[in-house]
Amino acid sequence: MDTDLAILGGGPAGLTAGMYAARARIRVALLEKGQPGGQIAATEIVDNYPGFEEPILGWELAQKMEAHARKFGLEVVPVDVTRVSVAEGGFQLTLDSGETYTCRALILATGASPVKLGIPGELQLVGRGVSYCAVCDGPFFRDQEIAVVGGGDSAVEEALYLTRFASKVHLIHRRDELRAIKDIQEKAFAEPRIQIHWNHVPVAVVGNKEVESLVIRSVINGSEQILRVSGVFFYVGLRPNSESFRDLVRTDEWGFVVTDAQMACSVPGIFAAGDIRSKMLRQIATAVGEGALAAYSAQHYLEG
Amino acid sequence: MSKNEHLYHVSDADFEQAILKSDVPALVDFWAPWCGPCRTVGPVVEELATEYAGKVKIAKLNVDENKDTAAKYGVRGIPTLMLFNNGQPVDQIVGAVPKSRIKELLDKVS
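Top line first, the protein sequences correspond to chains A and B. Each residue of the first sequence is one higher than the one before, starting from 13 at the first, in the numbering used here. Each residue of the second sequence is one higher than the one before, starting from 99 at the first, in the numbering used here.
Hints were generated in silico from the structure; no laboratory data involved. Ideal Cβ placement from N, Cα and C applies to all residues, glycine included. Hints may contain errors.
As the list claims (entries may be wrong) - Calculated cross-link-like contacts (lysine-lysine; reagent style DSS-like; alpha-carbon spacing at most 25 Å):
#, chain 1, residue 1, chain 2, residue 2
1, B, Lys119, B, Lys170
2, A, Lys180, B, Lys165
3, A, Lys221, A, Lys180
4, A, Lys180, A, Lys128
5, A, Lys221, B, Lys153
6, A, Lys221, A, Lys128
7, A, Lys221, B, Lys170
8, B, Lys153, B, Lys206
9, B, Lys201, B, Lys119
10, B, Lys119, B, Lys206
11, A, Lys194, A, Lys180
12, B, Lys206, A, Lys221
13, A, Lys128, B, Lys201
14, B, Lys119, B, Lys153
15, A, Lys194, A, Lys291
Stated by the list, open to error - DEER-style ranges, computed between Cβ atoms:
#, chain 1, residue 1, chain 2, residue 2, range
16, B, Pro141, A, Arg191, 48 to 56 Å
17, B, Val122, A, Thr106, 41 to 49 Å
18, B, Arg199, A, Gly267, 17 to 25 Å
19, B, Asp166, A, Leu293, 41 to 49 Å
20, A, Gln237, B, Asp166, 47 to 55 Å
Could you build the full structure based on these sequences and the hints that come with them?
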């Protein structure tokens with residue numbers, strides 16, 4: 013396949029870029045390895061996207077964004093791009109099947125994924141009580157005690173969501189205050205089923221065939237305690253999905269892509285938008301704005 | 099939904115007959131409608147059902163409607179892709195992964 017503009021990733025940033033590009037009648041294709049929606053498809057409700065004062069379900073917002081982009085003629089191609097390289101007149105995209113696509117300009121919108129801490133037992137027990145998706149796996153823990161690790165918006169929001177199922181939610185946070193925004197903090201403090209373990213870090217997930225407990229350690233005095241939980245949900249940050257182009261464009265020390273204010277990357281013709289960018293705030297609202305800007309900049313590049 | 103003739107939909111009731119007594123290895127996609135990543139992996143599983151037709155039986159099991167089977171095999175995270183051979187679970191992948199990862203799993207038994 014050959015196109016003028018290829019967009020990698022079908023989350024809010026990619027879908028918005030696709031919508032703007034399709035509306036500008038650019039020859040564009042959005043390449044997405046699964047179903048469009050990105051991380052919002054794994055989010056229960058979206059409470060802070062303007063225009064939806066009644067919280068909207070994550071997957072529902074994702075579907076609306078996809079439908080909106082398709083309305084203007086955006087083509088969504090279900091393929092997994094494993095490598096991006098410079099080619100004559102543009103770029104070559106290599107798929108996991110070995111097939112190659114070419115394009116003249118490119119928007120990177122591959123987003124980010126939950127960080128895995130890699131403590132003993134964590135990776136071995138994924139799907140057996142360890143989870144990175146409360147919406148997916150919460151219902152398996154009805155009337156059970158569980159733990160959530162982290163102190164940011166995602167951690168505290170998901171801890172609140174999990175109180176619908178769990179009899180008790182232990183929130184493990186390494187500091188003595190939460191990073192989550194105040195509105196979410198207040199809800200968590202008011203929820204009797206959430207117990208916050210301040211100044212603690214997880215040390216190991218214990219269990220043979222399934223999670224039986226979580227060992228946590230005080231960062232103040234090093235003392236350890238065992239929490240009898242059947243589930244552990246990790247929300248300790250995001251890592252960039254930048255494997256396929258990390259060597260090509262400039263990234264920050266964590267692998268997030270560096271752009272200028274017009275979303276242009278270090279290689280002319282490559283733009284980036286959304287969670288993949290090196291920046292302070294990762295939200296649907298920011299992703300959408302960057303997607304629009306990236307499409308506009310790509311259009312100028314193509315016409316320039 | 100799917101019109102793929104090679105993709106099976108199994109339940110608590112017919113799991114033994116369809117999967118455990120299958121004469122070829124079977125891959126079961128444990129999923130639920132409320133799970134975003136399940137929708138990511140769903141189309142990939144459908145493609146694989148066609149590609150591996152006759153070699154590996156590929157089936158979907160809704161964990162909401164079939165809690166017994168999910169509990170029996172200790173599934174507490176979805177999507178879980180569990181590979182069965184000769185009536186036993188032999189390997190599994192949890193979470194939405196690239197198609198190539200799933201093919202590696204299937205190629206071990208087909």
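Output the numbers, in ascending order, of every earlier hint that fails for this structure.
Numbers 5, 16, 17, 20 - these are the hints that the structure violates, sorted from lowest upward.
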